[in-house]
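Visitor: Residues per chain, in single letters:
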Amino acid sequence: DTAVSQTPKYLVTQMGNDKSIKCEQNLGHDTMYWYKQDSKKFLKIMFSYNNKELIINETVPNRFSPKSPDKAHLNLHINSLELGDSAVYFCASSPSGQGSGYTFGSGTRLTVV
Amino acid sequence: SQQGEEDPQALSIQEGENATMNCSYKTSINNLQWYRQNSGRGLVHLILIRSNEREKHSGRLRVTLDTSKKSSSLLITASRAADTASYFCATDAGGNTPLVFGKGTRLSVIA
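Chains L and Y, in that order, give the protein sequences.
According to this note's numbering, the first sequence is numbered sequentially starting from 1.
According to this note's numbering, the second sequence is numbered sequentially starting from 1.
Just so you know, these hints were derived from the structure itself, not from any lab.
Don't take each hint at face value.
[Unchecked claim] Below, in silico cross-link-like pairs of lysine-lysine (BS3-like), each with a Cα-Cα straight-line distance of 27 Å or less:
no., chain 1, residue 1, chain 2, residue 2
1, L, K36, Y, K103
2, Y, K70, L, K44
3, L, K22, L, K41
4, Y, K103, L, K44
5, L, K40, Y, K26
6, L, K40, Y, K103
7, L, K44, Y, K26
8, Y, K69, L, K41
9, Y, K70, L, K41
10, L, K19, L, K40
11, L, K44, L, K9
12, L, K36, Y, K26
13, Y, K26, L, K41
14, L, K36, L, K71
15, L, K41, Y, K103
16, Y, K103, L, K9
17, L, K44, L, K67
18, L, K36, Y, K70
19, L, K67, L, K22
Kindly generate the complete structure, drawing on both the sequences and the hints.
Guide: In structure tokens, the structure reads:
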């Protein structure tokens, strides 16, 4: 059983399109995250949700909108895609409380052409 | 802003040798974690060391933490070709703040 699963694994789309990436975790964790990894492998936090509520919203264009229908799911919707959005997007989860490692999904490679 | 900085950026060693990677950070932390990322895959949690700990072991991994110098090191002993991956340190400042990752060290272990 995959602990944190993301779909799709690859996404190629044209500029201006709207796309969604789905994430589900079956670990019973309370907190979920979206990270963006750029071409230089730098990982940057985008959003953090705890029990379906937004906790962290870093400086991310409002074209990116996370949605958490329940604490096991955190989806990422992106409007009006731009070339600079091309990256690998990782979903992760962790239990509540301090000092816990994160469990990451395998990533979604988004290519905007 | 970015918290951790790994050093070196890339490291190439022979199988059987030890690999040491260093991480420096800027602000106070609750704990520091190390992750491995194989090419094209997600990150895998390796080890966590709390701010009141100085050293921790897990199998062939040894992590040290020096909070006075705001630095940590990851030692992989008796490296194997399968250890080839990128290694990231990540700092946890506590509260609701998410992990902040460094840029990573790319380790190549040559058989």
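Visitor: Now tell me if each hint is right for this structure.
Guide: Evaluated hints:
no., hint, verdict
1, L:K36 to Y:K103, "13 Å, holds"
2, Y:K70 to L:K44, "21 Å, holds"
3, L:K22 to L:K41, "22 Å, holds"
4, Y:K103 to L:K44, "10 Å, holds"
5, L:K40 to Y:K26, "21 Å, holds"
6, L:K40 to Y:K103, "8 Å, holds"
7, L:K44 to Y:K26, "16 Å, holds"
8, Y:K69 to L:K41, "26 Å, holds"
9, Y:K70 to L:K41, "23 Å, holds"
10, L:K19 to L:K40, "23 Å, holds"
11, L:K44 to L:K9, "19 Å, holds"
12, L:K36 to Y:K26, "22 Å, holds"
13, Y:K26 to L:K41, "20 Å, holds"
14, L:K36 to L:K71, "21 Å, holds"
15, L:K41 to Y:K103, "7 Å, holds"
16, Y:K103 to L:K9, "23 Å, holds"
17, L:K44 to L:K67, "19 Å, holds"
18, L:K36 to Y:K70, "25 Å, holds"
19, L:K67 to L:K22, "9 Å, holds"
In terms of the numbered hints stated before, the structure departs from none.
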